[in-house]
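Q: One letter stands for each residue in the lines below.
2 protein chains.
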Amino acid sequence: MSLDKELDSVESLLQKLPEKDLKQVWRILYGDGVRDLELSEKCLKLVTRYKMELVKCKFSYKEEQLRPPRLVRVALFQQKVPVPLTFPIYKVKTEMYTLAMDAVKIAAKGGANIFCFQQAWNMPYAFCSGESMPWSEYAEKAEEGATTRILQTLALENNMVIISTILERDENFEERIWNTAVVIDNHGIVLGKHQRNHVPKVECSNEPTYYCEGNTGHPVFETEFGKIGINICYERHYPLNWLGLALNGAEIVFNPCGAIGQEAELLWTVEARNAAVANGYYVCAINRIGMEIYEHEYEDEQGNLVHHEDSGLFFGSSFVSAPNGSRSPGLSRTKTGVLIAEFDLNLCRQVKDRKGLELMHRLPLYRDLLSKITATNFKPQVIKKHCQCQTT
Amino acid sequence: MSLDKELDSVESLLQKLPEKDLKQVWRILYGDGVRDLELSEKCLKLVTRYKMELVKCKFSYKEEQLRPPRLVRVALFQQKVPVPLTFPIYKVKTEMYTLAMDAVKIAAKGGANIFCFQQAWNMPYAFCSGESMPWSEYAEKAEEGATTRILQTLALENNMVIISTILERDENFEERIWNTAVVIDNHGIVLGKHQRNHVPKVECSNEPTYYCEGNTGHPVFETEFGKIGINICYERHYPLNWLGLALNGAEIVFNPCGAIGQEAELLWTVEARNAAVANGYYVCAINRIGMEIYEHEYEDEQGNLVHHEDSGLFFGSSFVSAPNGSRSPGLSRTKTGVLIAEFDLNLCRQVKDRKGLELMHRLPLYRDLLSKITATNFKPQVIKKHCQCQTT
Numbered sequence: 001m002s003l004d005k006e007l008d009s010v011e012s013l014l015q016k017l018p019e020k021d022l023k024q025v026w027r028i029l030y031g032d033g034v035r036d037l038e039l040s041e042k043c044l045k046l047v048t049r050y051k052m053e054l055v056k057c058k059f060s061y062k063e064e065q066l067r068p069p070r071l072v073r074v075a076l077f078q079q080k081v082p083v084p085l086t087f088p089i090y091k092v093k094t095e096m097y098t099l100a101m102d103a104v105k106i107a108a109k110g111g112a113n114i115f116c117f118q119q120a121w122n123m124p125y126a127f128c129s130g131e132s133m134p135w136s137e138y139a140e141k142a143e144e145g146a147t148t149r150i151l152q153t154l155a156l157e158n159n160m161v162i163i164s165t166i167l168e169r170d171e172n173f174e175e176r177i178w179n180t181a182v183v184i185d186n187h188g189i190v191l192g193k194h195q196r197n198h199v200p201k202v203e204c205s206n207e208p209t210y211y212c213e214g215n216t217g218h219p220v221f222e223t224e225f226g227k228i229g230i231n232i233c234y235e236r237h238y239p240l241n242w243l244g245l246a247l248n249g250a251e252i253v254f255n256p257c258g259a260i261g262q263e264a265e266l267l268w269t270v271e272a273r274n275a276a277v278a279n280g281y282y283v284c285a286i287n288r289i290g291m292e293i294y295e296h297e298y299e300d301e302q303g304n305l306v307h308h309e310d311s312g313l314f315f316g317s318s319f320v321s322a323p324n325g326s327r328s329p330g331l332s333r334t335k336t337g338v339l340i341a342e343f344d345l346n347l348c349r350q351v352k353d354r355k356g357l358e359l360m361h362r363l364p365l366y367r368d369l370l371s372k373i374t375a376t377n378f379k380p381q382v383i384k385k386h387c388q389c390q391t392t
Numbered sequence: 001m002s003l004d005k006e007l008d009s010v011e012s013l014l015q016k017l018p019e020k021d022l023k024q025v026w027r028i029l030y031g032d033g034v035r036d037l038e039l040s041e042k043c044l045k046l047v048t049r050y051k052m053e054l055v056k057c058k059f060s061y062k063e064e065q066l067r068p069p070r071l072v073r074v075a076l077f078q079q080k081v082p083v084p085l086t087f088p089i090y091k092v093k094t095e096m097y098t099l100a101m102d103a104v105k106i107a108a109k110g111g112a113n114i115f116c117f118q119q120a121w122n123m124p125y126a127f128c129s130g131e132s133m134p135w136s137e138y139a140e141k142a143e144e145g146a147t148t149r150i151l152q153t154l155a156l157e158n159n160m161v162i163i164s165t166i167l168e169r170d171e172n173f174e175e176r177i178w179n180t181a182v183v184i185d186n187h188g189i190v191l192g193k194h195q196r197n198h199v200p201k202v203e204c205s206n207e208p209t210y211y212c213e214g215n216t217g218h219p220v221f222e223t224e225f226g227k228i229g230i231n232i233c234y235e236r237h238y239p240l241n242w243l244g245l246a247l248n249g250a251e252i253v254f255n256p257c258g259a260i261g262q263e264a265e266l267l268w269t270v271e272a273r274n275a276a277v278a279n280g281y282y283v284c285a286i287n288r289i290g291m292e293i294y295e296h297e298y299e300d301e302q303g304n305l306v307h308h309e310d311s312g313l314f315f316g317s318s319f320v321s322a323p324n325g326s327r328s329p330g331l332s333r334t335k336t337g338v339l340i341a342e343f344d345l346n347l348c349r350q351v352k353d354r355k356g357l358e359l360m361h362r363l364p365l366y367r368d369l370l371s372k373i374t375a376t377n378f379k380p381q382v383i384k385k386h387c388q389c390q391t392t
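For the record, the sequence lines run as chains A and B. Everything in the first sequence is counted per UniProt numbering, starting at 1 for the first residue and increasing by one. Everything in the second sequence is counted per UniProt numbering, starting at 1 for the first residue and increasing by one.
Since the hints were derived computationally from the structure, they do not count as laboratory data. The beta-carbon is built from N, C-alpha and C at its ideal position, and this holds for glycine as well. Some hints here could point you the wrong way.
[Said to hold, decoys possible] Which stretches of chain A does chain B cover? Using the computed rule of at least three CB atoms under 8 Å from a CB of chain B, they are:
id, region
1, 264 to 270
2, 370 to 380
[Claimed, not checked] Here are a few chain B residues that face chain A, going by a calculated C-beta distance under 8 Å:
id, residue
3, L17
4, Q24
5, V25
6, D185
7, G192
8, K201
9, E222
10, L240
11, L266
12, V270
13, R273
14, K355
15, L357
16, P364
17, V382
[Stated by the list, open to error] When the alpha-carbon atoms are kept at most 30 Å apart in a straight line, the in silico BS3-like pairs for lysine-lysine are as follows:
id, chain 1, residue 1, chain 2, residue 2
18, A, K23, B, K20
19, A, K335, B, K20
20, A, K384, B, K141
21, B, K5, A, K352
22, A, K335, B, K23
23, A, K23, B, K80
24, B, K384, A, K105
25, B, K384, A, K62
26, B, K5, A, K23
27, B, K20, A, K80
28, A, K105, B, K385
29, B, K372, A, K352
30, B, K352, A, K384
31, B, K385, A, K141
32, A, K23, B, K335
33, B, K384, A, K58
34, A, K352, B, K379
35, A, K372, B, K352
36, B, K141, A, K385
37, B, K372, A, K372
38, B, K352, A, K385
39, B, K5, A, K62
Could you build all of it, start to finish, from the sequences and the hints given here?
A: This is the structure:
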């Protein structure tokens, strides 16, 4: 069955179930921890004016006796490149900036404290094309590039932390390119950056052609709105990468993506939610939308030998998962939009205390296992009977 | 919203969607890699005679040029204790053995090569009760206990590997109790055992009261039907435990459980499927069903201070996930039943080669991270600006 390019979302189809059945299905698939979030008229008007989709929700929370709730609002922005990829780079970027400004305004009027873009948000996701030019030209300095400078202004004006994942060009070090998340705090200051650790070399997307494996570890950025980490796109497939951010204390992990294909869509909510519950933090997963047309043919993600002239469909569906596994509804599979979600960071510790996963983590066991595995003389722990054939 | 004790399964509710919508929802939630599996008339007659539920399916596979398909059939058995818990231990066990023999016969006629029970299958799952007696009396020797001996006969007669998770009593070592999976090969020989690594100390279930943390590592058992590992119940919450089995070469991991509660149900398919795709193996998740009534009150898993006199509802829903994320339909939430699934072990390597996750795993990075984390002077990698308040 081919991907349905028209399908809005699973959620929209489930609405066709009888109410009682929908309630049951929703409880098991989405949890029942999410309610509607009221937003200002001004915010809703902007949504209409800018013709964006809006999903809004708040996660339930329990009050503690000694800590007040630490409520945070996040805004996730999913978008497509609004002009053909053959347009000049300057023109494409300008269009992306305009869209970004609209989305940030909506988020600000919606009271968002942290805003996160999809991966490589200010450019086409052209790593499937196999071409170097013009795509590499989109790379910019992380700390002083045009994109970062524009966002610093927006962050300061709107008192909002902004996470911007771009291609980074390091002019001081071999002109290298990295896939980098820049974290700008709500005072407009670049707090730091994370260079993506895991880079796919898969059939459709040989990304080491474009940029290097990062060596910034698993940094957690302490902001006024909580401790945040970033897991960039393909890194979502690595439980160890998610774990690294947890061990450094993340309370929210943003996962900006550019994901296509049936298999990726099948796993879209599985991986992010598993990360949230295994690590006791919120996960905000953002995916781009639309289909990008390249000049050259390329091989698709499913390993089929059929060639296409497009990226495949980025399936959107951006959403938030809480550390207890409850999830928000998603943005659609097809529309540019903003998801605004409110939640209490205190839930992270509450879930940890209740489930006790950390108490039984036995990290030294795994430290030793990984030490053995990475030694040159490693032999796996396999139990077998010799000469089984003679035993009957 | 309280758990609906009557609800058969999510799958049964989704069937109420219009056919075209169901197809779309199914593709995104379950994948489209599973077809019906034809079984013999003899098998189906036994299912009717023994009044069991049957779910049967086969996973799609791709032929390779140099390796023939390595098709394996697994049978997962979910059950409830068929008599009141106040019955004498001998009586309860006898009833469980009878049920097991029925299920093994069905599996054998269905051509199953590997049969797996739920956790602590030959006893009530009474670890929530807080009482020591009579539950500890259910513990047996792993290699020479009555349960293992009965299963050795069944395994030999039916040419079937059997995985039996029981409470193990080690009479030679402090009379200790372990939560142990015994692996019996298809010649009736005890291939070995795995003692559960992670033991929950959560509100409703303080299981270290009953048994010890295991130290058998992450063994993989090489059988004639593939290399198998066992992840017991609560271990499913630990990505590192799943990883350990992958690093030792597992192609199928069985996850026998006794799981209750809304939160566990919300995560039931998330955790097992994430493990399958992150590690490139099949996961067979088995959960018990029914409600077990204890004499004493206890505190429930949700952290509510309400006391009950029962275990809560074990929600069944046993299922299989392939390494590409496609999943089988589940057994129901409420009925004793057998799931028979056929799949090709070659898919494990195919998925690894296609996705390339292992190529980019960077295990030394995580070895070093865990070494740092477990050192006494560990400081998390946190980036923050000092005196942020003065920067505006």
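Q: With reference to the structure, classify each hint as holding or not holding.
A: Outcome of the hint check:
{"no.": "1", "hint": "264 to 270", "result": "holds (count 5)"}
{"no.": "2", "hint": "370 to 380", "result": "holds (count 5)"}
{"no.": "3", "hint": "L17", "result": "holds (6 Å)"}
{"no.": "4", "hint": "Q24", "result": "holds (6 Å)"}
{"no.": "5", "hint": "V25", "result": "holds (5 Å)"}
{"no.": "6", "hint": "D185", "result": "holds (7 Å)"}
{"no.": "7", "hint": "G192", "result": "holds (4 Å)"}
{"no.": "8", "hint": "K201", "result": "holds (5 Å)"}
{"no.": "9", "hint": "E222", "result": "holds (4 Å)"}
{"no.": "10", "hint": "L240", "result": "holds (5 Å)"}
{"no.": "11", "hint": "L266", "result": "holds (5 Å)"}
{"no.": "12", "hint": "V270", "result": "holds (5 Å)"}
{"no.": "13", "hint": "R273", "result": "holds (5 Å)"}
{"no.": "14", "hint": "K355", "result": "holds (6 Å)"}
{"no.": "15", "hint": "L357", "result": "holds (6 Å)"}
{"no.": "16", "hint": "P364", "result": "holds (5 Å)"}
{"no.": "17", "hint": "V382", "result": "holds (5 Å)"}
{"no.": "18", "hint": "K23(A) / K20(B)", "result": "holds (21 Å)"}
{"no.": "19", "hint": "K335(A) / K20(B)", "result": "holds (22 Å)"}
{"no.": "20", "hint": "K384(A) / K141(B)", "result": "holds (21 Å)"}
{"no.": "21", "hint": "K5(B) / K352(A)", "result": "holds (28 Å)"}
{"no.": "22", "hint": "K335(A) / K23(B)", "result": "holds (22 Å)"}
{"no.": "23", "hint": "K23(A) / K80(B)", "result": "holds (27 Å)"}
{"no.": "24", "hint": "K384(B) / K105(A)", "result": "holds (26 Å)"}
{"no.": "25", "hint": "K384(B) / K62(A)", "result": "holds (28 Å)"}
{"no.": "26", "hint": "K5(B) / K23(A)", "result": "holds (14 Å)"}
{"no.": "27", "hint": "K20(B) / K80(A)", "result": "holds (27 Å)"}
{"no.": "28", "hint": "K105(A) / K385(B)", "result": "holds (26 Å)"}
{"no.": "29", "hint": "K372(B) / K352(A)", "result": "holds (22 Å)"}
{"no.": "30", "hint": "K352(B) / K384(A)", "result": "holds (24 Å)"}
{"no.": "31", "hint": "K385(B) / K141(A)", "result": "holds (20 Å)"}
{"no.": "32", "hint": "K23(A) / K335(B)", "result": "holds (22 Å)"}
{"no.": "33", "hint": "K384(B) / K58(A)", "result": "holds (27 Å)"}
{"no.": "34", "hint": "K352(A) / K379(B)", "result": "holds (20 Å)"}
{"no.": "35", "hint": "K372(A) / K352(B)", "result": "holds (22 Å)"}
{"no.": "36", "hint": "K141(B) / K385(A)", "result": "holds (20 Å)"}
{"no.": "37", "hint": "K372(B) / K372(A)", "result": "holds (16 Å)"}
{"no.": "38", "hint": "K352(B) / K385(A)", "result": "holds (27 Å)"}
{"no.": "39", "hint": "K5(B) / K62(A)", "result": "holds (26 Å)"}
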